[in-house]
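Asks: Start from the sequences, fold in the hints, and give me the full structure.
Here are the chains, one letter per residue:
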Amino acid sequence: EPEVTQTPSHQVTQMGQEVILRCVPISNHLYFYWYRQILGQKVEFLVSFYNNEISEKSEIFDDQFSVERPDGSNFTLKIRSTKLEDSAMYFCASRPTSVQETQYFGPGTRLLVL
Amino acid sequence: KNQVEQSPQSLIILEGKNCTLQCNYTVSPFSNLRWYKQDTGRGPVSLTIMTFSENTKSNGRYTATLDADTKQSSLHITASQLSDSASYICVVSAGTGANNLFFGTGTRLTVIP
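Respectively, the protein sequence lines represent chains A and B. Numbering-wise, this note's numbering puts 111 at position 111 of the first sequence, and it's gapless, one number per residue. Numbering-wise, this note's numbering puts 90 at position 90 of the second sequence, and it's gapless, one number per residue.
For the record, the hints were derived by calculation from the structure and aren't laboratory data.
Calculated lysine-lysine pairs in the DSBU-like style (CA-CA distance at most 35 Å, straight line):
| no. | chain 1 | residue 1 | chain 2 | residue 2 |
| --- | --- | --- | --- | --- |
| 1 | A | LYS57 | B | LYS1 |
| 2 | B | LYS17 | B | LYS57 |
| 3 | B | LYS17 | A | LYS42 |
| 4 | B | LYS71 | A | LYS57 |
| 5 | A | LYS57 | A | LYS42 |
| 6 | A | LYS42 | B | LYS71 |
| 7 | B | LYS1 | B | LYS71 |
Replies: Written out as structure tokens, the structure is:
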């Protein structure tokens with residue numbers, strides 16, 4: 001069964017550094033998402049992406065964040081100048097088409113900012 | 001304020017027993033409600049999705065109910081297995097768009113032999 005994959009599974013970085021989290025959505029899916037989950041807290045929506053542009057973003061997704069689909073398969077989340085509070089699990093998700101269809105989540109990247 | 005509250009926060013049950021997890025929401029307008037299973041260190045996996053007109057939906061040993069009048073949902077797990085140990089997250093949609101998804105904090109279920 002097709003799956004969303006994410007790399008790396010874990011990332012440790014120094015405060016102020018830039019990180020790029022990578023996702024490969026399911027191949028025939030058209031909508032892509034990033035979420036984060038701070039340890040012990042709820043999953044929070046960051047951004048959605050469709051047709052090579054951001055379709056929605058939350059208040060969390062400020063100028064520190066950017067997303068890109070550099071080729072036909074990868075979907076990346078870049079965090080510039082990381083802060084301690086960026087430490088979280090970051091999930092990528094994708095879905096095929098209509099709004100009622102379920103999002104498929106990747107296994108996540110655990111980011112630790114020191 | 002749009003919120004999703006789940007109870008209990010955590011639950012320990014013996015293998016083979018049944019259990020019921022609760023989800024109360026104040027999300028409006030209501031589009032649909034989903035239950036996800038999240039294994040430790042993994043992404044959420046969809047179990048069920050229910051719209052306004054659906055009262056019950058089953059997926060194997062998982063049965064979700066929805067009362068749109070009282071804004072409550074439950075997830076019933078029958079004949080629990082050790083592999084059911086996970087967090088179960090209730091997610092309510094207020095319409096189109098990912099910005100309209102509201103996540104609960106989840107119930108952490110532990111099934112012991």
